[in-house]
Amino acid sequence: MRTIVGLISGGADIGRTRVFWIGFGVIILLFLLYPTQTSAFRVANVSFYLLNIPLGLGMALLWGYGGVLSFGHVAYFGIAGYVYGIVAGNMSENAFGPLAGVAAGLLASAFVAGIFGYFVFYARVQKWIIPILTLVLTLLLETFLGQTAGYQWRIGSVLLGGYNGMTGIPWFQLGGFVFEGYSFYYLCLFVVLACYFSLRMLVNSNFGQVIVAIREDELRTELLGYDIRARQWVVFVLSAVLAGLSGLLYVQWGNYITPSQVGLLQAALPVIWAAVGGTTSLLAVVISTFTLNWVTYTLSAQGNQYAMVIIGALLVVTMLFFPRGIVVMVAERLGRFRTRRTAPSQP
Amino acid sequence: MELTAVIETRSLNKRFGGVVAADNVNFKVMHGEFRCMIGPNGAGKSTLFAMLCGIQSADSGQIFFFGQDVTRTQAFQRVRLGVGLTFQTNRAFHQLSVRENLTIPQASAKLENKEAGQARLEFALDAFGLDPNDETKAAELSHNQLQWLEIAMVLVGYPNLILLDEPTAGMAAEETQQTAKVLKHLNSTGLTTVVVEHDMAFVKDVAQVVTVLHQGRIFAEGTVTKITAHEDVRKIYLGRA
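Protein chains in written order, with the working numbering: chain R, 1 to 347; chain C, 1001 to 1241.
What the hints contain is simulated information worked out from the structure, not anything from laboratory work.
Incorrect hints may have been included.
[What the hints assert, rightly or not] Derived pair list, reagent style EDC-like, types lysine to aspartate or glutamate, alpha-carbon separation capped at 20 Å: (1) K1137/C - D227/R; (2) K1137/C - D217/R; (3) K1137/C - E218/R; (4) K1110/C - E216/R; (5) K1137/C - E332/R; (6) K1114/C - D1126/C.
Looking at chain C on its own, in the form it has when it is part of the complex (with noise of 0.2 Å):
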């Protein structure tokens, strides 16, 4: 594995009014990592996300994706980069067909990891059961292959980052597992993960390690078995039991 930060920020700031949404954060994830994010409810998760994203602006730092300042770069420039997102809600076409969602990607995608890309995409796929040529429209599909939809659409980009939003949000925990696994595999292959998510099974399921957000600040930062055992995490996030 390169020991390069795929992504850093340097002293995150972003306020709303009287809330501070980023404290000081300074977030790194190496290349080929499976991080995940978790906090109490605002807890700054989204924010960071969407700073990461640049759907948002921050108040001030920087933010480095593959070692090149992307602070102040446009939201499409940033996923040329080679990332890939996923939201809270889901946000495939709705109105258009499964093969449409899958094309549409295909003019962005970053052709120089066509064939980690391409590998990933059709194991993805053949694991979601997702059909490309598939003609029905996205808006017909269940909850989950919705997700998995998004998720899939992603991968046409062949990114070498991929970021998702709590990508398990409303599945039951059979396709939780499903899509664990399929995650799992993928960063396996290299592809460098972060995950914003709640469910914690599903955390201690794929992180190799947590970061815990707390009020905008970074809280604690580790393996799995150190943040669960963490006692003010417990406090703050997981309860006491």
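Next up, chain R with everything else stripped away, as it sits in the complex (with noise of 0.2 Å):
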């Protein structure tokens, strides 16, 4: 228990003093309190919000931690969405159908990155060159799924749709519970909050250390006895499973994916929401995929078409007077605020 607490609150990412730990407890209990207070379309929105983080998270475990940049985890999104809905749908008499769809979903995300991650780690492919074969990767997905229009392309019961995309996908259920509105809510939360401490305790560990070793210097962690290789292709396959989570989430919270959300706009979000936050935090990139997909939605949905490029203005911003992100700058400033508050004064 100790362990898991050190862990915890070790010095891999921000917010480590008591006052940081009540206001972190008290906003976690505004969340929970959140739907008593609230309509039921509120707490869906709010809920979308937070099913996006764990794809955020595993940008900040690869890129911000392990120093590689995915410029298309969203593929690993998409799959885990079309993968469950294929099953989840094919089973849907079934009570543990949409079990067994997550399960597949998330052991398909990991199926592909694995055996993408293994050519690239293990071929030692260059740094810079990782975004580009991501990129392809998420787009040829994209292409491919855009001609799957048409009757020939069922798997069992289920069309995927071509562009118009998979419909009619089922909420997820344990047994005879099904979670949807209210409890979906609760189910995002507990899953963003399950992420969130478990990488906490990961990037505090040896493992986590390690990881952060190969981003400062991928020949001198080689040569301190690791297989930097391997270390980063799990990374890299936990990275995607966790971007498979956010598909799963995102498919039984709207019951509907398009290969629009595995297409180049949606590939480059993550990589926004990372950057605006800081990608060296995994709490500031919690903080910023939550507030950017708030400020998105809310934009689009009064009508504003722009809303996406106030989001690539707000990436231009941050890269000009935030380079380690506004979450984490603002962090460092009030912890750098407080040291000068608490130091005793010169004699």
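Two chains, two frames, a set of hints: combine them into the complex.
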């Protein structure tokens, strides 16, 4: 237990003081109470902001901590979503069909990422090429899914649906309990917290430290006796599974998915979320993913055509004025302020 | 002292286009030795070092560590046999803290050497004035502290052999002497040490055997006295004066 607490409160993420944890607890409490204070529509919207967080966390882990930028992690989001739709859709009479769909979706994401990652990392592909390769993969997937219109692209009783996408994807359910509306909101909240705390433990463990060491200097790390290819591969697959988790929640939330979910625009979003928050902090990416999804959704819902232009402009502002990410740099400033305030006065 | 070869190369060759970087190198270091490799720029020291590390592959020939053929193994697998390496340019993790620099190598430590390895590590940390709980960013350390930190990082892995490429480069005389003192003590505990070095005062202080490389070949080999007295070595490397 002490080890778990030690790992969670370790120095690999921002927020370690008592005040921080009290604030963290209060915010979680507010999230828990939120559905009692608002409409089902708003709860569904907040579920959407929450369900993207595992994808953002995957980016933080891979890019911020591991130093590998993937521009195509939405591929694993889409693979998990489609596979869930196929499996759960074909097992719609079975109360455990959605659970089988979840397992199949996550396995499919891990499998594709495993094969792709194997060729990338074991061939020691240079880091700057990896974003291009990952982007190519997701664009290929989009192109493939886009041409799956028609009855011939039917798997069991489920139609892939081409650019119109797959519809009628079942809710998630465990036995007789269906997660929809409020219960789905709590499911998303639980998944986000579980992912966040697990990753916080991971990045504070020796494994996490070695991942950061690889980011800092691959050769030095290898010559300390670590198989950096294997470690990078594990991180890549893990981050793909996190993306897959978001994909699963997405299709369970909206009951549909289209190829545009693995397209260029969507591919850029997790990169923006991570960059704006600050890739080197899990918490920063949680905050930025939630906030940017809220901003995008709100602007789009109000009929603003320029939601993505605004998000893009935000990325430019971040790059220019907050190169380490807005949340990270604000947290650093607050930390410095606190240190200065509590520092003993000079004689 | 056991009479086993810790490092052995057999007919090692490496060419870069028309340049011969290693020409039939048969290099052997015995257990417990303190060996220094010297030679003028371009003599092939760094190439031999890189081939021993596994960063570069040889065109032909074989490399053995502790009697085991490692010619085709990956760099990290060689390290796991109990080899510690530092580079010519400092490669401690500058953006991480001293503590993190010293904990990262722990998971790959050679645990069968724990007793001797821990004693060596503690001696080096103490002599170098490094605190394993220090949260200072490595980038804030002075040059010599960074060099020392990298040596300490290598010792965290409890190695049987350390290969150091110019460990005293850029150090003042006093710091060089301190480094020599620590390395000599570590060697006296049975840690085989191979150092590539330019500083002849340092080499004279520490080396039991000196290998002189010239144009990719082992030009001469022997005790410091023998090498410094060697007429041709003086001509190519030490100067006639």
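| query | Within a Cα-Cα threshold of 20 Å, do K1137/C and D227/R meet the stated pairing? | reply | With a Cα-Cα distance of about 25 Å, the restraint between K1137/C and D227/R is violated, given a limit of 20 Å.
| said: For a C-alpha distance cap of 20 Å, please report whether K1137/C and E332/R respect it. | reply: Roughly 15 Å separates the two Cα atoms, so the pair holds.
| request: With a cut-off of 20 Å on the C-alpha distance, tell me whether K1110/C and E216/R pass. | output: Distance of about 23 Å is beyond 20 Å: violated.
| said: So if I understand the rule, the pair passes when the alpha-carbon distance is 20 Å or less; does K1137/C with D217/R pass? | reply: holds (15 Å)
| message | Run the distance test for K1114/C versus D1126/C: straight-line Cα separation, threshold 20 Å. | response | This hinted pair holds, its Cα atoms lying about 18 Å apart.
| Proposed proximity, E218/R with K1137/C (alpha carbon, max 20 Å) | holds (19 Å)
In summary, the structure is inconsistent with hints 1 and 4 from the numbered list given earlier, while agreeing with the others.
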